[in-house]
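Protein chains in written order, with UniProt numbering: chain A, 1 to 254; chain B, 1 to 254.
Don't take every hint at face value.
Said to hold, decoys possible - The list that follows gives simulated cross-link-like pairs (lysine-lysine, DSSO-like), each with its CA atoms no further than 27 angstroms apart:
| id | chain 1 | residue 1 | chain 2 | residue 2 |
| --- | --- | --- | --- | --- |
| 1 | A | Lys-4 | B | Lys-105 |
| 2 | B | Lys-253 | A | Lys-4 |
| 3 | B | Lys-253 | A | Lys-253 |
| 4 | A | Lys-4 | B | Lys-111 |
| 5 | A | Lys-111 | A | Lys-153 |
| 6 | A | Lys-138 | A | Lys-64 |
Treat the hints as calculated values from the structure; they're not laboratory data.
2 protein chains.
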Amino acid sequence: MVSKVQDIFMLLGDSITQGGWENGGFGHRLSHVYARKLDLINRGLSGYNTEWAIPVFEQCFPTKAQQEHSPRVRLLTIWFGANDACIRPSPQHVPLPKFTENIRKLVHIVKSPESDYYSPDTRIILITPPPINTYQRKADLASRNPPLELDRKFEITQAYAKAVKDVGREEGVAVCDIWSIFWEAVGRDEQSLSRFFSDGLHPNEAGYTIVYESLMKTIQNEYPELHHLNLPYVFPPWAEINWDNPHSSLVLKQ
Amino acid sequence: MVSKVQDIFMLLGDSITQGGWENGGFGHRLSHVYARKLDLINRGLSGYNTEWAIPVFEQCFPTKAQQEHSPRVRLLTIWFGANDACIRPSPQHVPLPKFTENIRKLVHIVKSPESDYYSPDTRIILITPPPINTYQRKADLASRNPPLELDRKFEITQAYAKAVKDVGREEGVAVCDIWSIFWEAVGRDEQSLSRFFSDGLHPNEAGYTIVYESLMKTIQNEYPELHHLNLPYVFPPWAEINWDNPHSSLVLKQ
Numbered sequence: 001m002v003s004k005v006q007d008i009f010m011l012l013g014d015s016i017t018q019g020g021w022e023n024g025g026f027g028h029r030l031s032h033v034y035a036r037k038l039d040l041i042n043r044g045l046s047g048y049n050t051e052w053a054i055p056v057f058e059q060c061f062p063t064k065a066q067q068e069h070s071p072r073v074r075l076l077t078i079w080f081g082a083n084d085a086c087i088r089p090s091p092q093h094v095p096l097p098k099f100t101e102n103i104r105k106l107v108h109i110v111k112s113p114e115s116d117y118y119s120p121d122t123r124i125i126l127i128t129p130p131p132i133n134t135y136q137r138k139a140d141l142a143s144r145n146p147p148l149e150l151d152r153k154f155e156i157t158q159a160y161a162k163a164v165k166d167v168g169r170e171e172g173v174a175v176c177d178i179w180s181i182f183w184e185a186v187g188r189d190e191q192s193l194s195r196f197f198s199d200g201l202h203p204n205e206a207g208y209t210i211v212y213e214s215l216m217k218t219i220q221n222e223y224p225e226l227h228h229l230n231l232p233y234v235f236p237p238w239a240e241i242n243w244d245n246p247h248s249s250l251v252l253k254q
Numbered sequence: 001m002v003s004k005v006q007d008i009f010m011l012l013g014d015s016i017t018q019g020g021w022e023n024g025g026f027g028h029r030l031s032h033v034y035a036r037k038l039d040l041i042n043r044g045l046s047g048y049n050t051e052w053a054i055p056v057f058e059q060c061f062p063t064k065a066q067q068e069h070s071p072r073v074r075l076l077t078i079w080f081g082a083n084d085a086c087i088r089p090s091p092q093h094v095p096l097p098k099f100t101e102n103i104r105k106l107v108h109i110v111k112s113p114e115s116d117y118y119s120p121d122t123r124i125i126l127i128t129p130p131p132i133n134t135y136q137r138k139a140d141l142a143s144r145n146p147p148l149e150l151d152r153k154f155e156i157t158q159a160y161a162k163a164v165k166d167v168g169r170e171e172g173v174a175v176c177d178i179w180s181i182f183w184e185a186v187g188r189d190e191q192s193l194s195r196f197f198s199d200g201l202h203p204n205e206a207g208y209t210i211v212y213e214s215l216m217k218t219i220q221n222e223y224p225e226l227h228h229l230n231l232p233y234v235f236p237p238w239a240e241i242n243w244d245n246p247h248s249s250l251v252l253k254q
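For reference, chain A alone in the conformation it holds in the complex (with noise of 0.2 angstroms):
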């Protein structure tokens, strides 16, 4: 079967993510480092919020049925809250409490035994949003064409990624908090933001890279055995083949 000889790390999230695969984003570079190990699935949804993206991920997360016949998802990051934190009228808002209820809700999806969709052996990591560069934004959205109006706050998105990490202690998932690493990294000075971001919202390189270095740290400290460098490549070294016989090492056992 595709992929079932070898398990999925899967990325969900919104626009951050889906730009995970830009040249020197975290999502490349994972599936760099995951290869042969992990598929990583990119499940980025530009634009959308918690509430959207939870009937896409019942279609894409295999069911306890479907289970049988897929790869196993042993990672699984949670990335919202950029979309959600915008302010109304924005069609993306979603007021803060439907926000916690929603990340709770796709944590559930995973890990409540009375799931459909249950699934002991993933792992989930939620990723709070990055702080916002208001100054940033704010240009970018005066230079388009029509002119928009700044449509997040600084305040907000803090609120949006305090929630993140409230469900993460409250549920007992690991929790990487770039709204904080970012946030410290510059001094907690909002403006120098710019040094992460493209457009005040996206990461830039310099910002994928943290992203990067971070979860490797949180998946180092939470689940260390799924750290690419401990897990070994699915199908041997070709140092290690059997070159008399080289089914004997490259046929693996069901």
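Place chain B on chain A using the hints.
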């Protein structure tokens, strides 16, 4: 089912494929442009020749029975020859007639109605191995501890590239002729191939850029319906979601 909603673009090959998700590599560029359209699956196997790859491929590609539960493999690149063309006594060496037979066998696994893996929807692209820069390769091997002898010859890799083209023509399968594209791009001067290689064998970012662009041209010419610009998103762009009734636009018809 994981990925059942989204079809697959599988890259089968050796280290030149496996390394394709390095910064600037052809794999991550494909992952980026096919995001939300096709999942890129890396089945590159560093050091492998066709003899060892066949049993791996038979475990990675879905059988006819498994295809019911699997995402469809819409595009498949088969890129070998760089290791098969090693000269004796390298254990990677595969004699030219056997290499030709193996490339044909890989094609037949997918395209022959008699095959257990028959998949008429899968579009195959054979890729020829790049020319070897023996000057660069020799220096790289001599610098190792202990130093190693040159293990590949320019004319031999050229013969393996020709064999891939012959199989493509005979089997009616598209060929992306990287050997000739690299060779012409450097004005048929072996030493100038260093522009495209990190070590005389593996492409650098400039080399992978040509690989990516050449492959996109092949797809445009041979299978234009599978060019990323001609494929819709699996799930709609956020602005096209029915905001009053999201499920109506987000739940795909089976």
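Tested hints:
no. : hint                    : result
1   : Lys-4(A) x Lys-105(B)   : holds (22 angstroms)
2   : Lys-253(B) x Lys-4(A)   : holds (24 angstroms)
3   : Lys-253(B) x Lys-253(A) : violated (36 angstroms)
4   : Lys-4(A) x Lys-111(B)   : holds (21 angstroms)
5   : Lys-111(A) x Lys-153(A) : violated (32 angstroms)
6   : Lys-138(A) x Lys-64(A)  : violated (45 angstroms)
In terms of the numbered hints stated before, the structure departs from hints 3, 5 and 6, listed from lowest to highest.
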